[in-house]
Every structure is written in C-alpha cells, then in structure tokens.
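Asker: Read off the chains here:
There are 2 protein chains.
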Amino acid sequence: MDGVGSAARSAAALMAAAPTAAKNQALLSLARRLRASGPALKAANAKDLAAAKAAGLKGPLLDRLKLTPAAIATVAEGCEQIAAMPDPVGEISGLKRRPSGISVGQMRVPLGVFGMIYESRPNVTIEAASLAIKSGNACILRGGSEALHSNLALAELVAAALKEAGLPPTGVQLINTTDRAAVGMLITAPQHVDVIIPRGGKSLIERISAEAKVPVIKHLDGNCHTYVDAEVDFGLALTVVINAKTQKYSPCNATESLLVHAESAPDFLPHIGAVLAEKGVELRGCARTLALLGPLPGAKVTAATEADWSEEYLAPIISIKVVDSLNEAIAHINHYGSHHTDAILTTNHAHAMRFLREVDSASVMVNTSTRFADGFEYGLGAEIGISTDKLHARGPVGLEGLTSLKWVVLGQGEVRA
Amino acid sequence: MDGVGSAARSAAALMAAAPTAAKNQALLSLARRLRASGPALKAANAKDLAAAKAAGLKGPLLDRLKLTPAAIATVAEGCEQIAAMPDPVGEISGLKRRPSGISVGQMRVPLGVFGMIYESRPNVTIEAASLAIKSGNACILRGGSEALHSNLALAELVAAALKEAGLPPTGVQLINTTDRAAVGMLITAPQHVDVIIPRGGKSLIERISAEAKVPVIKHLDGNCHTYVDAEVDFGLALTVVINAKTQKYSPCNATESLLVHAESAPDFLPHIGAVLAEKGVELRGCARTLALLGPLPGAKVTAATEADWSEEYLAPIISIKVVDSLNEAIAHINHYGSHHTDAILTTNHAHAMRFLREVDSASVMVNTSTRFADGFEYGLGAEIGISTDKLHARGPVGLEGLTSLKWVVLGQGEVRA
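Just so you know, the protein sequences line up as chains A and B, in that order.
All the letters of the first sequence, read from the start, carry residue numbers 1 to 417 under full-length UniProt numbering.
All the letters of the second sequence, read from the start, carry residue numbers 1 to 417 under full-length UniProt numbering.
Certain hints may be false.
To be verified - Some chain B residues judged to face chain A by a derived CB distance under 10 Å, without partners named: (1) Lys96; (2) Pro99; (3) Val109; (4) Gln247; (5) Gly413.
Stated by the list, open to error - Have a look at the derived ranges for each label pair, beta carbon to beta carbon: (6) B:Ala54 - A:Ala17: 51 to 59 Å; (7) A:Gly184 - B:Glu206: 18 to 26 Å; (8) B:Glu400 - A:Thr68: 39 to 47 Å; (9) A:Gly94 - B:Lys213: 31 to 39 Å; (10) A:Pro69 - B:Glu400: 44 to 52 Å; (11) A:Ala331 - B:Gln81: 30 to 38 Å; (12) A:Ala160 - B:Ala299: 54 to 62 Å; (13) A:Ala160 - B:Gln81: 55 to 63 Å; (14) B:Met85 - A:Pro86: 24 to 32 Å; (15) B:Glu206 - A:Lys163: 38 to 46 Å; (16) B:Ala307 - A:Ala160: 40 to 48 Å; (17) A:Ala17 - B:Lys53: 49 to 57 Å; (18) A:Ala331 - B:Ala210: 33 to 41 Å; (19) A:Ala17 - B:Ala291: 31 to 39 Å.
Hints are computed from structural coordinates only; laboratory data are not their basis.
Every residue gets a Cβ at the ideal spot worked out from N, C-alpha and C, and that includes glycine.
Excised from the complex, chain A in its bound form (with noise of 0.2 Å):
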C-alpha cells in the first residue's frame, strides 16, 4: 500500500502538469479500448459473476456486478463525453490589481490524489479513472472484492490508455487486493491521499468517515422532500410529485417524504394518494394526512411514526404530513431531512425564494422533480459522487469537486510595506 501510495503521489504531480491534449487523448484512447475488449472484459467478468452466483450473491447486487455490452457501450460513451468538455484545470478567474500593485486571482488545481472506495460496481472503475484524468489527479481506487477481475480488466485498459498519451500509468491505479486492511490503509494516509470519496451504503461510509484521517467528501443518505404550497398548480404538482416518487425507487433523489400545506391537502391528498396507491406505493400519514385521504381499497395506509419522518425508504413507500405553513415546512425539512435534495411546488415567487434559500440542502429545487439532483442533469458531464457535506462541494460532484483553488499573485517588485 505504502509503494502504491508514494506511486500516486509522484504520478499527481505529472497527472497535474499535463496537457489538456494528452488527458483528452488518454479518454479517448480508454473509449476504443474498451469497444475493442468485449470478449476480455467478457471472460473477466464471467469469472467474477461465476464466484458471485456461488456464494449466492442474487438480484439487484448480481446486475450491478455485469459488464454487459450496454454497460461498457455506456461507459466508452462517457469517456468521450469528459474529453469533449473543458479542461477546468489551470483556469484563472478574478484576477484584480490592488492598490500596492499586485495584481490577485486564483487558479484552478487538481487536489492531487483521491481515493475511491466503492461496491461491486465496475462501470465506477471507469467512471472515477475518467474523472480523474481529466481534472488531473491521480487515484487509487479499491472497488468491491467480488468485481476483482472485472477490475483488473479495466484497469489494464487505463494503464494502457495512459501510457498511449505519455501520461504516466500509475496516474490511475487500482488496489489488486480483497484484504480489507488496504482500505483502513488508505483512509489514514494523509501523506498519499488528499481526499476520500466512499460510494456505497450509510454503514460503509460512516465507518470510513469515522475512522479516516484524510478528507472525506461524503454522501450518507438522501432523504428528500417535495413541499406542495397552498398556491399551487395542482396538475403541475401532480405529475412532479409522481415522478420525484415513483420515476425510480432505489436512487438517492427520489423523494422520500411529502409536505403538503393544509389548505392544498383536502384537494390535493385525496388524488395524490389515489394514484400513488395505484402504483403500489405504501402511504405513511400523519393523522390528519390519514383523516383527508379518504378510502382507498386495496392500498397499504398507516400512521407514520417519528422515525418515518427521517428515514430514506429507496422502496416503494412514502411519508406525508400536512403542515400550517411555508415556516413548518422549512422547520420540517432542515430537521428530518439529509440536506440532500428538496423541492417547492408553488406559484408564489417570494414562498418560491425563501424556500430556495432558507432550505438548507445541497440542492433545492422550485417547481420540479427532486430526480434531477444528478450530475448529468445539471451538466457536469459526470459525477464522481454526490455529496451531502457543507464543505468544499455540495450535491453532484463533477470535475470541479475534484480541484480547489489556489491564489496566484503576480508582481513586478512589490514589497510590503
């Protein structure tokens, strides 16, 4: 771990002084590689779905571990689309004189090394190895033990891509190793790694924060909202609610918990409830909630308790509250939500920018569905992750999240007085 981490840290300082036509090149070259590798990428996986399926690996953790054609279609398709975008590196914006004659502005810069630690997903390999060539950082990655061979085949197509575009090959470089220790080893290397970026479950990223001595850009869990307003559109409301909830179940942006002002409820929970229990979605109420649904036959209505109002389903269940006023509904989201994403619906431009800024989420949004809190919907190419965090980047991470910035300064003599 120690030669993988001192390997990085030398390869940083190239990753960061390179080209942008050589980074773009390397994409490039990752994306042929990859279509050109089918039947490779197909043997390797072949091996990892085989040990998965015989040590009863099933369902949703068994798909995501494919490397089907699609899959690898979609992730060469990435590659091209980072290297069509900007290169954000060496940027200088606000540059100003000052009254002593030193002219101040700050450039953006890699942040140097990142550490990726992630399931058994393989597209991420790529997904982070692109990120990262592009905003110039070198990585180490450790992706889950059971995508392994998966992962070797892909990073040998990094290496190789690398290498192709005079970059140095270890610029991306992937722990071959299922022992766990290595991770413990790469979160409390401050002297290898600039920052942590854990892609997984709420357990495995709490342990990693609590135990890491390096940065941690973090993404617990996602538990939004949608507030519908007493002026509102309510077939706007309607459709966006829909699809915030029921578009997907399992993603981190779908809406978890409704709000919904006391004189739009009578009128609008009865609908509501009425096509989300046609969808099979489990409703949880708040007593009044439970008292304006009316009856649904067939649906599954309960009382939602306290610990509803905190929690992340990603299932096909959601909570809902009537509430007096813009005020509680605030109160409500700044106290029970994950301050990840949450929704307005109204037709009152001043409720539309209190909520906007008196929310205190990395994404809030007015008049639309909390599922476009993605990194390709706000048009960052990609994301590396999507942080729940205050510092440094909220939301979607793209290649900013991945650079700071330093002040430059320049001179032609000044001294201080």
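Could you slot chain B onto chain A? The hints should help.
Answerer: This is chain B only, laid out in the frame that chain A set:
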C-alpha cells in the same frame, strides 16, 4: 455546552435569512459601541493583564493580550470595512438552461455555525464576530483563558449590536469558561457545529484536528520559499527577498527558505548574504551556498541540516539552497514546503507560468514578496485565518470561505424521463 450549541443552531437559521441591511446595521452599531466603550474595555482588560503579569506572562504574549485604544480603533474600523463590502449570501451564479428545460445554478449560502478556537488575542473576538455577522453564520468563540474578561466585555457589545439590528444576540456566543473540556465538546458536536477554525500554534491545531469530529479549516505552518531563477533582475530580487524575510520575522507568510539557481548564485548570494547578515539574520546554507557566500565577518553562518529545509523559524534565520534547475526548485518546495505561500523571482514568462501551475501551495507568486499573502492585501476585507488545507478554502479565508455553494434548480413542472 449543549445549550450553547443548540442556541447557535437556532440562531444560524435567523442569521442566514437576515437582510443585508440588518447585518450592516449590526456591524456599524458594533463599531460605534467599541469606540464608546473605551473605559469599560480598559477596565476588563486590566483584570486580564494583572492576572497575566502575576502568572509571569511576558513579551509578545502580553502585548497580544493588550486592548489598547489603537487596537480598539482598528477593530472598529474593520467592522465598518466589512459593512461596506458586498453581501456574499444569496448570490446566484452560473444559472444555465438544461436540455430538460430546468435551469441550474449555484447559490452562495452561509456554512451555518462555525466554532473558533484561538489564543489570548481579544481583537480576534471582534474579527471573528464581524465576519460571522456579514457571512450570515452563527459562531461560537473560545478565546484563550488569559483574555476571558476582555472577551466577555467585547462579546457583550456584540450581543447588544445584534439585538439593536433585530438579529439574535446568540448569533455570536463566547464560551464563558476556561474549562478545557469545553473545547473537546465543541469539536465533537457535528449536530451543533459545521466547521472548526483553530488559530494558534501548530501543536494546538494538530491536537484539534486529531480529535475533531467536525470538519476543521486548518492552518498548520508557513514554511514559505522564495526562488531566485537563472533569469532574474538582481535588483528586484534583492529588494523582494529582503522584504520577504526581514520586514517582519513572526508572520506565517515570511520567507523561511531561499532557493537560488546555480547560474544566479555566484553573483546573487554574496550580495543577499551581506544584506541579511547586516540585518542580523542567521544564514543556514547548503554546501554550495557556504562556498559562495564569501567572508561575512561577524555574521552567523552555519551548514543547513536536513531538518532546516522543513523548518518554520518565525525568527531572523533563513535557510539557503543552490538548485540546478526550475524542476529542482519546484520539487524541493513541494517536498519540504508547507503549501502556504511560495514565490518565484524571474524574467522568464514560461518559468513563471510553470511555477504558478506546478507549485502546490495555497498562494503562488511571481516577482513579489510572500509577505503579501494576507486577506487585506488580497482584497478580502478581513481574514478569519489562512488555510493550508486543499479542500474548500485555501490561503486567506474571508467572507467567501465562510460560505458554500448549493445548487438551485428552477423548473416549470419538468419531470425526469
């Protein structure tokens, strides 16, 4: 402490939503109150000074504790300057329409609650309070125990100013105890505190970083370098190096290490050596430096040890090394430096640009003195500290460093396909 923490969290919501006019009113009221409270502040400060003298405190430590009329005038003026600056909170940048129809941008918002831990310098109480007010944050201040009476008197003025402006007096709280356990509680309470900013010696900051469960904006040491290139204006280099090293010895942005290209060394070293020696600066040189310095009667000239290259002297001592190339200079700085502030003196544009890009420090400078690394000199109005971290804020941290960006999404009923 739990009461202080939850009061800060409640106040933070009000501070974040506060109108710019109210925040400015509080700052101007604070300036007025500071100017009108000379006798009361003097009396409180006298208690601290008497106790400190009785405890044997001397020299600079005692000087820093003094709340002189001049010091009061300076912090009052600082409040007025911060009132005159633009409000960073609420600014929306980069709002762009996406193919889906939504508009996506970023809004600048306060971090929430910051905890400030500092030594016995009462002026820091007002600097931190004024930056908190303008940036819309609540803060919890823990000053050095020797300054407790002075700090309590100052905190009373801050609370009155907040109240006068219709803001929560608990927006700025001073911990009214010298119990060290309070620090431990402050740095391990993520439910109450979003970020800790320690200001003090390296050992204090290392201890806080090691024990904190809350993110820390750290300022470790300032081992700053000035590199004199092969192509350089000797007159400019002499002026700048003398200023960078000798204008003041104690600040973190003073140059501690001088690197000289082998082509410049034979001419430059005897000159700079003579001037530094005349000013009483001890010279610790590499073997080539010692050979080139020539006779310096009465000067203290010694061989630099490996430890010298990493040392932050904060004293009239400088380490000097001859390097054979720009590459060697950059590698030396990135290896031994503290990523604080480093400067190149050169007439060569390509060398200047490579230095700016490749030296991994919070501030990188061309042809000027490292002593300029300062919030006021950079135009930030004030600084809460200087960060040597890579994430979030690097270098001088002003109002912007106390904020973060959240994503703002504006729709008209768009849903995710």
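Asker: Now look at each hint and say whether the structure bears it out.
Answerer: Outcome of the hint check:
1. Lys96: holds (6 Å)
2. Pro99: holds (9 Å)
3. Val109: holds (7 Å)
4. Gln247: OK, holds: B:Gln247 within 10 Å of chain A, min 6 Å.
5. Gly413: Cβ of B:Gly413 sits 4 Å from chain A, so the hint holds.
6. B:Ala54 - A:Ala17: 51 to 59 Å: holds (57 Å)
7. A:Gly184 - B:Glu206: 18 to 26 Å: For A:Gly184 and B:Glu206 the Cβ distance comes to about 21 Å; the hint holds.
8. B:Glu400 - A:Thr68: 39 to 47 Å: For A:Thr68 against B:Glu400, whose Cβ atoms are near 45 Å apart, the range 39 to 47 Å holds.
9. A:Gly94 - B:Lys213: 31 to 39 Å: holds (34 Å)
10. A:Pro69 - B:Glu400: 44 to 52 Å: Holds: the Cβ-Cβ distance is about 47 Å, inside 44 to 52 Å.
11. A:Ala331 - B:Gln81: 30 to 38 Å: Since A:Ala331 and B:Gln81 have Cβ atoms about 35 Å apart, the given range 30 to 38 Å holds.
12. A:Ala160 - B:Ala299: 54 to 62 Å: Holds - the Cβ-Cβ distance for A:Ala160 and B:Ala299, about 57 Å, lies within 54 to 62 Å.
13. A:Ala160 - B:Gln81: 55 to 63 Å: holds (56 Å)
14. B:Met85 - A:Pro86: 24 to 32 Å: holds (31 Å)
15. B:Glu206 - A:Lys163: 38 to 46 Å: At 40 Å between Cβs, range holds.
16. B:Ala307 - A:Ala160: 40 to 48 Å: Between B:Ala307 and A:Ala160, where Cβ atoms are some 43 Å apart, the hint holds.
17. A:Ala17 - B:Lys53: 49 to 57 Å: holds (55 Å)
18. A:Ala331 - B:Ala210: 33 to 41 Å: holds (36 Å)
19. A:Ala17 - B:Ala291: 31 to 39 Å: holds (33 Å)
Consistency with the previously given hints is maintained throughout, with no hint failing.
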